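Enquirer: Given next are the chains, with one letter for each unit.
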Amino acid sequence: MTVVRISDDALALACGADAVAAAFTAAGCTVERVSSWGMHWLEPLVEIDGQGFGPASPADAAAILDGTSTKAIGPVAAHPFLARQYRLTFARAGRTRPLSLDDYAATGGWAGLDRARGMAPEQVVAEVIASGLRGRGGAGFPAGIKWQTVAGAPGTRKYVVCNADEGDSGTFADRMVMEGDPFQLLEGMAIAAHAVGAGQGYIYVRSEYPHAIAKLRAAIDLAAPMLAPFAIEVRVGAGAYVCGEETSLLNSLEGKRGEVRAKPPLPALQGLFGRPTVVNNVLTLTAVAHILAPGGAEAYAALGMGRSKGSMPVQLAGNIRHGGLFEVPFGITLGELVHEIGGGTASGRPVKAVQVGGPLGAYIPPSQFDLPFDYEAFAAADALIGHAGVVVFDDSADMGRMARFAMEFCAAESCGKCTPCRLGSTRGVELLDRIRAGTPLADPVAALPQMHNAPKVPRSREADLALLEDLCETMQFGSLCALGGFTPYPVRSALRHWPDDFLP
Amino acid sequence: MPDLDQIIAAHANREGPLLPILHDVQHAFGCVSPEAERAIALALNLSRAEVHGVVSFYHDFTATPDPRPCVQLCRAEACQSRGVEALVPAAQAAAGDRVRLATVYCLGLCSAGPAARVGDRVHARLDEAALVQLVEAAR
Numbered sequence: 037m038t039v040v041r042i043s044d045d046a047l048a049l050a051c052g053a054d055a056v057a058a059a060f061t062a063a064g065c066t067v068e069r070v071s072s073w074g075m076h077w078l079e080p081l082v083e084i085d086g087q088g089f090g091p092a093s094p095a096d097a098a099a100i101l102d103g104t105s106t107k108a109i110g111p112v113a114a115h116p117f118l119a120r121q122y123r124l125t126f127a128r129a130g131r132t133r134p135l136s137l138d139d140y141a142a143t144g145g146w147a148g149l150d151r152a153r154g155m156a157p158e159q160v161v162a163e164v165i166a167s168g169l170r171g172r173g174g175a176g177f178p179a180g181i182k183w184q185t186v187a188g189a190p191g192t193r194k195y196v197v198c199n200a201d202e203g204d205s206g207t208f209a210d211r212m213v214m215e216g217d218p219f220q221l222l223e224g225m226a227i228a229a230h231a232v233g234a235g236q237g238y239i240y241v242r243s244e245y246p247h248a249i250a251k252l253r254a255a256i257d258l259a260a261p262m263l264a265p266f267a268i269e270v271r272v273g274a275g276a277y278v279c280g281e282e283t284s285l286l287n288s289l290e291g292k293r294g295e296v297r298a299k300p301p302l303p304a305l306q307g308l309f310g311r312p313t314v315v316n317n318v319l320t321l322t323a324v325a326h327i328l329a330p331g332g333a334e335a336y337a338a339l340g341m342g343r344s345k346g347s348m349p350v351q352l353a354g355n356i357r358h359g360g361l362f363e364v365p366f367g368i369t370l371g372e373l374v375h376e377i378g379g380g381t382a383s384g385r386p387v388k389a390v391q392v393g394g395p396l397g398a399y400i401p402p403s404q405f406d407l408p409f410d411y412e413a414f415a416a417a418d419a420l421i422g423h424a425g426v427v428v429f430d431d432s433a434d435m436g437r438m439a440r441f442a443m444e445f446c447a448a449e450s451c452g453k454c455t456p457c458r459l460g461s462t463r464g465v466e467l468l469d470r471i472r473a474g475t476p477l478a479d480p481v482a483a484l485p486q487m488h489n490a491p492k493v494p495r496s497r498e499a500d501l502a503l504l505e506d507l508c509e510t511m512q513f514g515s516l517c518a519l520g521g522f523t524p525y526p527v528r529s530a531l532r533h534w535p536d537d538f539l540p
Numbered sequence: 000m001p002d003l004d005q006i007i008a009a010h011a012n013r014e015g016p017l018l019p020i021l022h023d024v025q026h027a028f029g030c031v032s033p034e035a036e037r038a039i040a041l042a043l044n045l046s047r048a049e050v051h052g053v054v055s056f057y058h059d060f061t062a063t064p065d066p067r068p069c070v071q072l073c074r075a076e077a078c079q080s081r082g083v084e085a086l087v088p089a090a091q092a093a094a095g096d097r098v099r100l101a102t103v104y105c106l107g108l109c110s111a112g113p114a115a116r117v118g119d120r121v122h123a124r125l126d127e128a129a130l131v132q133l134v135e136a137a138r
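Here the protein sequences come in this chain order: A and B. Its first residue numbered 37, the first sequence is counted upward by one per residue in our numbering. Its first residue numbered 0, the second sequence is counted upward by one per residue in our numbering.
Worth flagging that the hints you see were computed from the coordinates, not collected in a lab. Every value quoted in this text rests on a predicted model; they were computed, and no experiment measured them. Even for Gly, the Cβ is constructed at its ideal location relative to N, Cα and C. Don't take every hint at face value.
[What the hints assert, rightly or not] Which residues of chain B face chain A? A partial, calculated answer using Cβ under 8 Å:
| no. | residue |
| --- | --- |
| 1 | Glu14 |
| 2 | His22 |
| 3 | His26 |
| 4 | Cys30 |
| 5 | Val103 |
Next up, chain A with everything else stripped away, as it sits in the complex:
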């Protein structure tokens, strides 16, 4: 009986993996549904005895089985896209069945938790600090320091909250972990719970990820005996992007409007229901599982550059030929990622810009492609790594329109708590419309009779640009959270590098 391995990751399903699987079942094969290797341009990828075929359609089944398929890519694990990676968090990707406890245990699963539970909690925290692991959600705060704060906070009821509200466009690593290796996330959460003394954990998943929600719930049922006495529950978001911000996420978990809270108090001291709470991203908690495995912390700290230690699951997305998941140590340059690994644009046209870090990330021109993946190097270049999503645009992109979209997105998703974000984003859309229209339009508000001091003549383009700069500064430094605070990044970077796109 031929065993055929096909992914049941949402991206593979969206590309028709179920129909391909059905075709192989009908041909008398045993189909195993595994996690995705992360080579998305090859999905649905069919694997038989280590040999890969993709992207496969149901009609390809016969040719694949009789060895005449033109879609053969050779041995999957030796594919150049995979051979260049250093996979830790995604070590099981493509190799195991997501909900198989046997597969998980056979590939080193639970080693981290078993070892951590044999250690004193403060030793576990010390190892996480020594590994150099920084929060993968975007801010890059040292995870061990956060845990230390929670562990030292007074109180007997503490929580571990996993932020799985992966709303940034261009990111899918959290989704791939939840759908492909859910036990590793649960293991990481249980280690965090042991380290800080928490009894209850929550995973807050966005409602746009129905497959991840189903997999996690099934995985929690299966793994409950291993996790006990720690308990985990999945909570589903309700379509609010801002709930990816940790304090807004906590409010949402409590059943409130997802409005941002002012900090301090830090969630580590007064988080969920006012109790000390660890809030970490999916990738952070997942990394903990392999960091706590024997020798894991030293191996992790040995990778990377500067203060950015370990590996980063980079997500190659947008208009890119070879999109997918690429986990490497920090330090790789943008140019290597986009051109050498990603193979340039899918459309075949020249690259115009890449946006790193989601809707709040800066647009970076090819002239800065020597920028290494490193939190500090990106910050120095007025950009951010965020969740390491890389979205590629070809030369047909209108960066003026993308800048407007950044403001429009912020206006649609603002929680409304602070003025710079709530009002600034809408004023930003209007300003960009005026700038891009070229004809100086009279400001209807300035024309009102009660606006005594407002000029009654339309503003010049230069005055509008100065006003936009002023607005961006107000949003950046005056907003409560990253939504309003980072929206100026894409706007300013687009204006700086492609001023011609803002001409009428």
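Since the structure of chain A is provided, determine the placement of chain B on it from the hints.
Expert: Only chain B this time, still in chain A's reference frame:
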């Protein structure tokens, strides 16, 4: 189909039960009506204003039901870079008044856009013909 009291009772012993209740109510009745808000507020010892504030905050909850089938089309940056905006007019024409064509910001299929979701089924690598077919087939 569970009634409102059953939904509330099923979540009553959770910490922070409001969102799970609202999800189930929205799923069962297609909306969270003012009457449902009142009943939930009473059961959770909240004011109606507090419950309404939460319902109106989140995109997933609606005050009135929309019986039309819904196609969620991702129009975030990654799908824009792969040309989703050019597909929108044809999709809207195909949708007409029969299908609700909703915008969603990211389905996590960013390397294979344009992407759309109908119910719990996701679709990627859409071109105009595939998207129009998806909209026309939506039930």
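Enquirer: So, for every hint listed, does it hold in this structure?
Expert: Against the structure, the hints:
Interface restraint check: Glu14 of chain B against chain A, minimum CB-CB distance 7 Å, threshold 8 Å, status holds. Interface restraint check for His22 of chain B: the shortest CB-CB distance to chain A comes to about 6 Å, inside 8 Å, so the restraint holds. At about 11 Å, the closest approach between the beta carbon of His26 of chain B and any beta carbon in chain A exceeds 8 Å, and the interface hint on this residue is violated. Taking 8 Å as the C-beta contact cut-off toward chain A, the hint placing Cys30 of chain B at the interface is violated, the least distance being around 14 Å.
At about 6 Å, the closest approach between the beta carbon of Val103 of chain B and any beta carbon in chain A falls short of 8 Å, and the interface hint on this residue holds.
Against the hints set out earlier in the document, violations occur for numbers 3, 4.
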